[in-house]
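Position chains B and C against the provided structure of chain A, taking the given hints into account.
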Amino acid sequence: MAHTVAINEFEGPFGLLLELVERGRLEVSAISVATITSKYLERTHELGDLGAQELGEFLELGCRLLYIKSMALLPRMNEIEQEDELRQLNDELIEYRRFQQASRELARHSGRRTWQRPVTEKLEPSELPMPQLDLSVLATAFELALKRREPARPTATLKRHLSQAQLEERLRRRLREGSIELHLELDRCQDRLEIIVLFTALLELIRTGEVHVSQANQFAPITIELRK
Amino acid sequence: MSELSASIEAILFVASEPVTLGRLAKVTGHDESAVTAALHELIQLLADTGLRLTRHHDAYRLVTAPEASELVRDFLTEDARTELSKPALEALAIVAYRGPLTKSKLDEIRGVSSDATLKNLLQRGLVAEHGTAPETGHPTLYAVSQAFLQEFGFGSIDELPPLQETEVL
Amino acid sequence: MSELSASIEAILFVASEPVTLGRLAKVTGHDESAVTAALHELIQLLADTGLRLTRHHDAYRLVTAPEASELVRDFLTEDARTELSKPALEALAIVAYRGPLTKSKLDEIRGVSSDATLKNLLQRGLVAEHGTAPETGHPTLYAVSQAFLQEFGFGSIDELPPLQETEVL
Numbered sequence: 097m098a099h100t101v102a103i104n105e106f107e108g109p110f111g112l113l114l115e116l117v118e119r120g121r122l123e124v125s126a127i128s129v130a131t132i133t134s135k136y137l138e139r140t141h142e143l144g145d146l147g148a149q150e151l152g153e154f155l156e157l158g159c160r161l162l163y164i165k166s167m168a169l170l171p172r173m174n175e176i177e178q179e180d181e182l183r184q185l186n187d188e189l190i191e192y193r194r195f196q197q198a199s200r201e202l203a204r205h206s207g208r209r210t211w212q213r214p215v216t217e218k219l220e221p222s223e224l225p226m227p228q229l230d231l232s233v234l235a236t237a238f239e240l241a242l243k244r245r246e247p248a249r250p251t252a253t254l255k256r257h258l259s260q261a262q263l264e265e266r267l268r269r270r271l272r273e274g275s276i277e278l279h280l281e282l283d284r285c286q287d288r289l290e291i292i293v294l295f296t297a298l299l300e301l302i303r304t305g306e307v308h309v310s311q312a313n314q315f316a317p318i319t320i321e322l323r324k
Numbered sequence: 012m013s014e015l016s017a018s019i020e021a022i023l024f025v026a027s028e029p030v031t032l033g034r035l036a037k038v039t040g041h042d043e044s045a046v047t048a049a050l051h052e053l054i055q056l057l058a059d060t061g062l063r064l065t066r067h068h069d070a071y072r073l074v075t076a077p078e079a080s081e082l083v084r085d086f087l088t089e090d091a092r093t094e095l096s097k098p099a100l101e102a103l104a105i106v107a108y109r110g111p112l113t114k115s116k117l118d119e120i121r122g123v124s125s126d127a128t129l130k131n132l133l134q135r136g137l138v139a140e141h142g143t144a145p146e147t148g149h150p151t152l153y154a155v156s157q158a159f160l161q162e163f164g165f166g167s168i169d170e171l172p173p174l175q176e177t178e179v180l
Numbered sequence: 012m013s014e015l016s017a018s019i020e021a022i023l024f025v026a027s028e029p030v031t032l033g034r035l036a037k038v039t040g041h042d043e044s045a046v047t048a049a050l051h052e053l054i055q056l057l058a059d060t061g062l063r064l065t066r067h068h069d070a071y072r073l074v075t076a077p078e079a080s081e082l083v084r085d086f087l088t089e090d091a092r093t094e095l096s097k098p099a100l101e102a103l104a105i106v107a108y109r110g111p112l113t114k115s116k117l118d119e120i121r122g123v124s125s126d127a128t129l130k131n132l133l134q135r136g137l138v139a140e141h142g143t144a145p146e147t148g149h150p151t152l153y154a155v156s157q158a159f160l161q162e163f164g165f166g167s168i169d170e171l172p173p174l175q176e177t178e179v180l
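Residue numbers (the numbering used here), protein chains in the order written: chain A, 97 to 324; chain B, 12 to 180; chain C, 12 to 180.
Next comes chain A alone, as it looks inside the complex:
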């Protein structure tokens, strides 16, 4: 069973990568990118039951690392490109680390909260000039406030996303009734995120040896079945 690390331990993908780099006294370079990539993917995996959105963000950086790593395997013309990508990633990590440190500094200030004065000095009601206000303005302001809020309502964006563990379980359930074809399973996914999560779920099942994947020829459907 995978060891589960709480998501809060890392501020996100950069947080995780930075920790690996710092702990391993590594640098993000052509030499170490392979080690870093495999460590990163390993740890992402250990993060366990992440929501699809978070997992997608962790995977995005994972893909970027894989891409940089893969450049080393290709002809020499890619060397410069790889260097650029590495420099870019290094710069982003340095920038990110700056703010990570600044946020720790801020946290140290949290015991220094200051207070304003409550409203106590008021004029007598007779001295208080009332604003010139047309009440229809008030009705409009209220309607605008409600409208402005509307896009923030989660009605349109609240799609239920399945976690990796849930998708693994779904695959197991289906497979107990016989082999399935990958493209049909992908068709069932409601969006790209679910496809990504389904893929990682499938990879996990392959890794643990629970399932077997086969393809008759290059363009034939990919079949998944339980290992006996």
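Careful: at least some of the hints might be erroneous.
Simulated crosslink set (SDA-like; lysine to any residue; CA at most 25 Å straight-line) [what the hints assert, rightly or not]: (1) Lys218/A with His141/B; (2) Lys37/C with Lys324/A; (3) Lys135/A with Glu179/A; (4) Lys218/A with Glu239/A; (5) Lys97/B with Thr31/C.
To spell it out: a stretch of chain A is covered by chain C in this simulated footprint if at least three of its residues, at any positions, have a beta carbon under 8 Å from a beta carbon of chain C; those stretches are [unchecked claim]: (6) 149-160; (7) 177-186; (8) 260-269.
In case anyone wonders, no lab produced these hints; they're calculated from the structure. Where a beta carbon is used, it is the ideal one built from N, C-alpha and C, also for glycine.
Showing chains B and C alone in chain A's frame:
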């Protein structure tokens, strides 16, 4: 200024009512004679500033210096005369239509903190405290003030102009 | 304390919102340079007291001294606010040092989407909208607010600790 005097000044600054000697002693963890000495120090140090420490029976409060009273009144009047800002108008509208409500409900509807805006409306006398909510912590409820209702000639809040479309939050 | 500084202190004491330099000049009848000098005097004179003068953009406000934080909280019997999560603090630090900035710039620096985090910071009032960027689509810019300074006991944005300079990992 001694640390104790500074602490007392901070406490009196945030207090909405005069604070008794006993309460000051309790919250600062000093005995009443030490607090009394610190209060005396504070009275002297404030003498040439814009603030004063006043005592009524055994309760203390910070007030503005009498020399500044005219300026303060001018400032508050002028403040009340300035046109309502957009955020203030919006908050007032929500309090009018959805009140009595708590500050956190108001923040939620607006999606931003209404701290400063609400204070301004309170000071201008357009919004007033209206009891507390029954939920945990009993947060203060806010509603439009009597002065607001009188000024705009409404017998009650129910006579506010109807909304064009009814929406449920 | 000069008479002008004392007057300003009294006005800031009663003000429900931060007061701009321009308004202070207008209500006291002095020009802005005289008011600025008086404000500087006030900042220095308050340094060892229970109060502080804070500045955000060109608006000023009196608050309690950060050293008195714990006592004031005890006095108000206010519960400590829910602590900010690590992601929230991280986003806040970026907005503080790099703001005003757009949400997409914030996302880019953090490497993750900041939708929920930003919404939380807006509702807590620590971050506020700050106009729009000139680029296509005019995305909203975000910056830290006066409440941010208050929450962390900074007298002004200039008091933020300097960012680390190292250019290597």
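These are the hints, each one checked on the structure:
no. : hint                   : in the structure
1   : Lys218/A with His141/B : holds, 17 Å
2   : Lys37/C with Lys324/A  : violated, 86 Å
3   : Lys135/A with Glu179/A : holds, 21 Å
4   : Lys218/A with Glu239/A : violated, 30 Å
5   : Lys97/B with Thr31/C   : holds, 18 Å
6   : 149-160                : holds (count 4)
7   : 177-186                : violated (count 1)
8   : 260-269                : violated (count 0)
The structure is inconsistent with the numbered hints 2, 4, 7, 8, although it conforms to all the rest.
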